[in-house]
Amino acid sequence: MRRAGAVALNTFREAVRDRVLYNLVFFALLMMAAAIFVGQISIGIEEMVIKSLGLSAISVIGLLIAVFTGVGLVYKEMDKRTLYALLAKPVRRWEFLLGKFGGLSLTLAVNTLAMAAGLFAALLYVKHHLERADAVLLVAIYFILLKLMLVVALALLFSCYTTPLLAILYTSALYVAGLFVEDMRTFHLTTANPAVAGLMRGLSYLLPNFENFNVMAAAAHGREIPSVLILQNTAYAVLYCGIVLTIAAAVFSRRNLK
Amino acid sequence: MPVAAIEIDNLTKDYPYGFLHLKKKRSLEGLTMRVERGEVFGFLGPNGAGKSTTIKLLVGLIFPEAGTARILGKPITDIEMHRDIGYLPEQPYFYDYLTAAEVLDYFARFHDLTAADRKERVARMLKKVGLETAGKIQLRKYSKGMLQRVGLAQAILHDPQVVILDEPMSGLDPIGRREVRDIILELKRDGRTVMFSTHILSDAEMLCDRVGVIVGGKLRGVGAPGEIVGMKAHGMEILFELAASGASAAAIIAKATKTGDRYRMQAPEEELYKALEQLRGVGAKILSVAQVKASLEEYFMHLIEADRAQGAAVEVSGK
Amino acid sequence: MSTTSSRNWLLLVLLPMGFAGVWQLQHRIDGQRAAVHQERDEVVLRSGKLVKAMSLEYAPLMADIYWTRVVQYYGDKHARHDPNFELLWPLLDLTTTLDPNLLVAYRFGSTFLSEPAPRGAGQPELGVELLERGIKANPEYWRLYQDLGFIYYFELKDYAKASAAFAEGSKNPEALIWMKIMAAKIAAEGESLSTSVFLWNEVYETTKDPLVKDNALKHLQMLRAEEDCKQLDALADAFQKRTGRRPTRVVELVQAGLLERLPVDPMGYPYVFGPDGKAALNLNSPLLEQQLLHGDTK
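Residue numbers (this note's numbering), protein chains in the order written: chain A, 6 to 263; chain B, 336 to 654; chain C, 110 to 407.
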């Protein structure tokens with residue numbers, strides 16, 4: 006586990022020294038500023054606009070980082086052969102994967118925190134004080150982070166056995182599918198074929214449901230989110246990440262490096 | 336029999352290729368070989384013969400179709416075995432955003448060393464491979480030779496019993512090669528086992544106690560360098576200058592090849608002194624007398640031709 | 110290699126267990142989220158144009174997804190007898206903005222927008238607006254004119270506009286001949302039983318949507334029952350002329366030879382005479398509930 010930690014810290018260090026990340030975070034902060042501007046135009050709902058736009062920015066930027074960096078995590082090491090010297094050490098392949106996952110998750114957490122700070126700063130600027138209801142934003146941001154970690158796990162899985170381009174495609178496709186998973190359940194209303202409807206319904210429970218983590222509407226309106234949901238979503242993310250990482254470890258363990 | 340450093344038994348590897356990876360090329364066939372403790376073993380062969388494949392199999396980067404191997408008695412599937420080996424990959428490349436010191440420190444963390452121990456070893460290694468001044472520069476600025484040295488450093492950092500090097504001399508200038516040779520000899524002095532792959536005969540001759548020759552995925556011979564069948568010396572070569580002319584001189588010159596002002600003539604070992612007498616007779620100036628060896632390239636070509644004649648698969652590049 | 114096969118077995122056991130856990134957890138989360146969810150969140154982004162812009166080239170696909178939500182929304186409300194169709198118009202607005210050529214959305218949408226509560230939103234003006242948008246984007250589809258005329262005739266009771274709509278639709282060479290006939294008939298007579306029955310029947314015969322078909326059937330049954338009751342009243346009048354009193358039970362009409370047998374309503378229940386002496390539906394008939402809920406449906 007210590008070895009996985011070493012890999013994680015190294016991954017984090019790599020991300021920190023990668024200038025692209027700073028640009029993205031800067032862009033997100035720009036969005037916050039834009040949100041303030043937009044908010045000024047729509048009187049009465051400035052707060053709601055800032056919150057929704059801010060959360061969307063955090064989510065989108067986070068997704069970009071998660072997908073594009075996540076996909077390169079393993080591929081880059083294989084392609085550049087940095088992995089060769091590493092695997093000759095007494096470290097198991099799954100420890101390596103876990104470390105990669107941890108490192109990128111840590112990076113995302115730090116980025117998200119930075120952007121969250123930006124959001125609260127923007128809010129403070131407009132409202133001049135914060136209320137208890139604004140704490141809901143923290144929950145929304147936490148959920149976004151959970152979502153990002155699941156995306157990273159998926160990106161990692163795909164990057165273990167296919168090229169970066171395909172991995173990006175698969176991960177993105179799965180994410181988009183995961184947003185509309187609930188619509189799959191009502192397919193039986195519009196399709197005549199019961200087998201298809203049944204299949205869709207089954208899939209809708211098994212595919213990663215990213216809508217679980219979407220509480221933007223509640224957060225924007227300052228509605229409280231029950232702590233039960235927080236626990237459940239955390240459990241969901243942990244469980245699903247566990248499944249995906251296990252599959253990734255199994256795939257990677259038997260992979261012949263070029 | 337003492338435990339061998341490396342014991343390979345019937346190792347076999349296929350590479351899939353073609354559409355949907357349905358076809359297979361056998362890149363290593365039934366390799367069986369021993370490397371004894373404390374010796375320097377050279378693994379010789381042309382490009383694509385299977386040297387890198389063998390080494391990658393040993394280190395666990397790829398998995399065999401059949402066969403097993405043990406290092407210091409532990410099977411290669413055992414993760415603990417990795418504590419005792421050091422590995423230098425072919426054309427090493429490391430995280431270019433790190434400095435040499437950071438890379439070595441990173442790799443050192445995978446061995447059970449205290450923080451102080453780690454620090455000390457990293458410093459020592461940098462000095463050993465001649466990178467102490469460049470230790471704080473990011474690797475992206477390093478030359479190939481410098482990267483090779485970093486690779487060597489990470490391979491021996493934890494003082495392993497067995498060191499496996501894949502083409503350690505490639506891409507190095509003569510100074511670099513000399514330095515690598517010195518390190519290998521130093522390792523031998525300390526009682527470590529070194530196995531390295533190369534396609535340059537002279538390196539093998541200078542360093543190795545024994546060599547193994549592999550062509551087309553098959554092991555062709557193992558033994559002390561120079562002992563390998565087909566690599567025996569055949570004859571002597573005389574280098575001389577001849578200013579004189581005349582019938583007897585012309586007869587000698589006809590048997591020699593001319594390069595600039597000099598002539599080369601070959602004579603079987605038994606007839607060496609007779610030839611020298613002849614040359615003395617015509618007043619030739621003898622410059623040197625040396626053994627003629629088949630070059631490794633000729634030897635390889637000979638083996639490859641034999642393979643082709645048998646209709647067996649020619650060597651496959653594993654890259 | 111025993112380590113690989115034992116690992117494989119482990120995976121074979123762990124993974125299904127993991128997914129089973131996911132399945133369970135998802136159900137719980139759904140329950141929890143339903144508690145948090147407020148309906149108006151469905152259409153947080155009310156602006157159809159904004160959603161369309163965000164969908165890039167996938168607007169038709171998004172339209173399909175929103176269309177599914179429309180059907181689900183309506184079906185859900187209908188099944189729970191919930192008369193609040195607040196979101197029907199916004200959802201339809203979004204759907205048709207995303208894909209102006211989604212004909213089924215206009216047809217289904219206009220039907221249930223204009224149906225009075227509790228069967229629909231009771232907003233016929235919005236139904237008209239929806240259809241006009243549909244006609245603008247799909248001028249060659251004459252059925253939309255049919256639906257337009259429908260709303261004017263049944264809900265808005267504007268017979269001039271109804272006739273005009275049918276007339277306009279009949280100009281399409283593919284339109285069925287009855288469009289022209291209807292235009293003339295409504296212009297001349299306004300509302301009539303035969304027109305109503307015909308229009309509902311046309312919908313019943315041609316629609317593929319089960320909800321729409323069911324709705325049409327109910328209307329036809331009500332119309333039939335109404336007509337039957339009218340005829341029974343006429344017979345009751347004849348009875349009164351003959352005997353000097355009003356009949357209290359329908360069977361008396363049979364006994365008097367005015368009817369061959371006991372008439373039943375479209376659901377199979379015999380008609381009765383109400384306390385006011387007028388023909389009415391049987392108390393057990395499901396149609397009675399319909400009638401009470403929808404009042405004077407034609």
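For the record, the hints were derived by calculation from the structure and aren't laboratory data.
Check each hint, because a few of them may be wrong.
As the list claims (entries may be wrong) - Below 20 Å or equal to it, Euclidean Cα-Cα: the simulated EDC-like pairs (lysine to aspartate or glutamate) are:
(1) Lys263/A to Glu400/B
(2) Lys462/B to Glu400/B
(3) Lys471/B to Asp23/A
(4) Lys479/B to Asp23/A
(5) Lys479/B to Asp525/B
(6) Lys132/A to Glu52/A
(7) Lys462/B to Asp538/B
(8) Lys85/A to Glu400/B
(9) Lys85/A to Asp525/B
(10) Lys81/A to Glu612/B
(11) Lys471/B to Asp508/B
(12) Lys327/C to Glu277/C
(13) Lys409/B to Asp349/B
(14) Lys263/A to Glu425/B
(15) Lys263/A to Asp440/B
(16) Lys476/B to Glu19/A
To be verified - If the Cβ cut is set under 10 Å, some of the chain C residues that face chain A in the computed set are:
(17) Phe128
(18) Leu134
(19) Gln181
(20) Glu283
(21) Ile286
(22) Lys289
(23) Ile290
(24) Gln330
The structure displayed is predicted, hence computed values, not measured ones.
All residues carry an ideal CB built from backbone N, CA and C; glycine is no exception.
Outcome of the hint check:
no., hint, verdict
1, Lys263/A to Glu400/B, "holds (16 Å)"
2, Lys462/B to Glu400/B, "violated (41 Å)"
3, Lys471/B to Asp23/A, "holds (18 Å)"
4, Lys479/B to Asp23/A, "violated (23 Å)"
5, Lys479/B to Asp525/B, "violated (28 Å)"
6, Lys132/A to Glu52/A, "holds (8 Å)"
7, Lys462/B to Asp538/B, "violated (24 Å)"
8, Lys85/A to Glu400/B, "violated (26 Å)"
9, Lys85/A to Asp525/B, "violated (33 Å)"
10, Lys81/A to Glu612/B, "violated (67 Å)"
11, Lys471/B to Asp508/B, "violated (23 Å)"
12, Lys327/C to Glu277/C, "violated (28 Å)"
13, Lys409/B to Asp349/B, "violated (24 Å)"
14, Lys263/A to Glu425/B, "holds (12 Å)"
15, Lys263/A to Asp440/B, "violated (26 Å)"
16, Lys476/B to Glu19/A, "holds (16 Å)"
17, Phe128, "holds (6 Å)"
18, Leu134, "holds (5 Å)"
19, Gln181, "holds (4 Å)"
20, Glu283, "violated (26 Å)"
21, Ile286, "violated (31 Å)"
22, Lys289, "violated (34 Å)"
23, Ile290, "violated (34 Å)"
24, Gln330, "violated (24 Å)"
Checked against the numbered hints given earlier, this structure breaks hints 2, 4, 5, 7, 8, 9, 10, 11, 12, 13, 15, 20, 21, 22, 23, 24; the rest are met.
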